[in-house]
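Chemist: Model the placement of chain Y on the given structure of chain E, informed by the hints.
Top line first, the protein sequences correspond to chains E and Y. Using my numbering, you'd call the opening residue of the first sequence number 1 and step up by one each time. Using my numbering, you'd call the opening residue of the second sequence number 130 and step up by one each time.
It should be emphasised that the hints constitute simulated quantities derived from the structure, not laboratory data. From a predicted model like this one, the values you see are computed outputs, not experimental measurements. There may be inaccurate statements among the hints.
Claimed, not checked - Chain Y is faced by these chain E residues, among others (derived, beta-carbon under 8 angstroms): (1) Asp37; (2) Phe40; (3) Lys54; (4) Gly57; (5) Thr58; (6) Glu60; (7) Val62; (8) Val65; (9) Leu113.
To be verified - Simulated pairs of lysine-lysine, DSSO-like, Cα-Cα distance not exceeding 30 angstroms: (10) Y/Lys289 with E/Lys45; (11) Y/Lys447 with E/Lys92; (12) Y/Lys302 with E/Lys45; (13) E/Lys89 with E/Lys101.
Stated by the list, open to error - Here are some chain E residues the structure puts well away from chain Y; computed CB gaps all over 10 angstroms: (14) Gln17; (15) Ser19; (16) Ser22; (17) Gly36; (18) Gly47; (19) Gly53; (20) Ser61; (21) Lys89; (22) Asn91; (23) Asn106; (24) Glu109; (25) Leu110; (26) Asp111; (27) Ala116.
All C-beta atoms, glycine included, are put in the ideal place defined by N, C-alpha and C.
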Amino acid sequence: MAYPTDRKYTKEHEWIQASGTSASIGITDHAQESLGDIVFVELPKIGAELAAGKTFGTVESVKAVSDLYAPASGTVTETNGELATSPEKVNKDPHGSWMMKITLKNPGELDGLLSAADYEKFVAEEGGH
Amino acid sequence: MGAKMVDFNGWDMPVEYPASIGCGIINEHMAVRTGVGIFDVSHMGDIRLAGPQALAAVQHISMNDASRLAVGQAQYSALLYPQGTFVDDVIVHRLGEDEYLLVINAGTREKDFNWVRDNTRQFDCAVENLSDDFTQIAIQGPKGVDVLQKLTDADLSAVKFYWVTRGSVCGLKNILIARTGYTAEDGFEIYIPADEATSARVWNEILNAGKEFGLVPCGLGARNTLRLEGKLPLYGHEISDTINVWEAGLDRFCKMEKPEFVGRAALEKAKAAGVTRTLVGLEMTERGIARDGYKVLDGGGREIGYVTSGSPAPFLKKNIALAYVPPEFGAVGTAVKVEIRGQGVGAQVVPTPFYKRPKK
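Just chain E, same shape as in the assembly (with noise of 0.2 angstroms):
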């Protein structure tokens, strides 16, 4: 799948798209092929605080349990409650099922974070297999 390039990419496989200082963040592609049959994705309260790279919240598969990584620092202003009833969307449409909305605290955050190209070469450089 090519990853959009409107967008930049976390390490820990999420991915953020900012206009101004609001920005929607998700899990990649890989990151919902990796954990296969996604039934259980939990988010933070609106107004909740995070700081980039710290935990926001979590994902669950059938099989595992996984942790979502803050890409930027900033306020929750909205969850997608569609995700809690219809948690499998993010593996159909994962660049598309947006989980959050936030604020963002500093938008300058992003230019820390990998390209749609380099975040490609990194997940084949990472996976391998």
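Modeler: Just chain Y now, kept in the frame of chain E:
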């Protein structure tokens, strides 16, 4: 096949097959419940006991009563330590008048074989480790019989659950075919020669024969969720060398009327003393998934036990778990909590097995 592989006790095993070919744990699980799936279970070990005292040897080392087996019949049983805890659980197959085959778990193959050999020295019976001689393929699900019947001359309709037969399979003569499995579903396990070319050919022929029935290849992930729904124990989880037969609730496979077997004396004492923990089925009543090793709490938040196996149950569409708790928390309907990421999440004790296949 592009399967996701994982190291399982030194074996490279597929966890699940790719979504691109219609697999993934949920699809694989559902295929076995409603149609048919196949598993490569070559990691299972096989020990053959043969000789004039084979029955006496099997009776000495296993807790079920092998004297009840007719030739061609199999039973679930276990090998126990003198203290009444588990070396492993096994399926004992009676293949001939004086010939038995024990099918054992991957992680415990060497331990099991050594234990069987060391504990049967006093009997006139040969003990052989055949683990590397067979590729074991499990064809599981209500349509498993239809798939396998296309590939064998054996009359499978005449083979009852937990019985075995022999026949040609995919042109290979005299193949052992057992109507057994680890999915809580009808199905067969076949034992074919372990060479790679033969194994691959048979695997592919089964895949082809199964196409019309929607057969999918299944990995360890689905094997685990299927056995969990059926409350079939997994070594290192529900049973281990520190858990005894009464705690694990496997009483009906333990024949105390047998005058002697390894572990019997300790079990007699343990029965009189009563158990301090018991294996129960839990269903989450609040949002959350119990996982292996999570703590079980009482209503007040006090730790009372632990989850041995926990997962979403794909067919039942519930989050279920097996757990050890004190007997006073064992009654169906008892409300408990499972600690998930520091929070007590509601669950209740439910009847087990969680899933029972419909009787035909």
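Chemist: Now, for every hint given, state plainly whether the structure supports it.
Modeler: Hints, one by one, checked against the model:
1. Asp37: OK, holds: aspartate 37 of chain E within 8 angstroms of chain Y, min 4 angstroms.
2. Phe40: Nearest chain Y Cβ about 6 angstroms off; hint holds.
3. Lys54: Hint on lysine 54 of chain E: violated, closest Cβ of chain Y at ~14 angstroms, above 8 angstroms.
4. Gly57: violated, 10 angstroms
5. Thr58: Since chain Y brings a Cβ to about 7 angstroms from threonine 58 of chain E, closer than 8 angstroms, the hint holds.
6. Glu60: Since chain Y brings a Cβ to about 6 angstroms from glutamate 60 of chain E, closer than 8 angstroms, the hint holds.
7. Val62: holds, 4 angstroms
8. Val65: holds, 6 angstroms
9. Leu113: Result: violated, 26 angstroms to nearest chain Y Cβ.
10. Y/Lys289 with E/Lys45: violated, 55 angstroms
11. Y/Lys447 with E/Lys92: Answer holds: lysine 447 of chain Y to lysine 92 of chain E is near 21 angstroms, not above 30 angstroms.
12. Y/Lys302 with E/Lys45: Judged against 30 angstroms, a Cα distance of about 64 angstroms means the pair is violated.
13. E/Lys89 with E/Lys101: holds, 17 angstroms
14. Gln17: holds, 24 angstroms
15. Ser19: Holds, since 31 angstroms exceeds 10 angstroms.
16. Ser22: holds, 28 angstroms
17. Gly36: violated, 6 angstroms
18. Gly47: Check passes; 19 angstroms lies beyond 10 angstroms.
19. Gly53: holds, 19 angstroms
20. Ser61: Violated, since 8 angstroms does not exceed 10 angstroms.
21. Lys89: holds, 14 angstroms
22. Asn91: Given that some Cβ of chain Y is not farther than 10 angstroms from that of asparagine 91 of chain E, nearest at about 7 angstroms, it is violated.
23. Asn106: Holds: least Cβ distance 28 angstroms, greater than 10 angstroms.
24. Glu109: About 26 angstroms separates glutamate 109 of chain E from the closest Cβ of chain Y, which puts it past 10 angstroms; holds.
25. Leu110: holds, 28 angstroms
26. Asp111: holds, 32 angstroms
27. Ala116: holds, 22 angstroms
Of the numbered hints stated above, those contradicted by the structure are hints 3, 4, 9, 10, 12, 17, 20 and 22, listed in ascending order.
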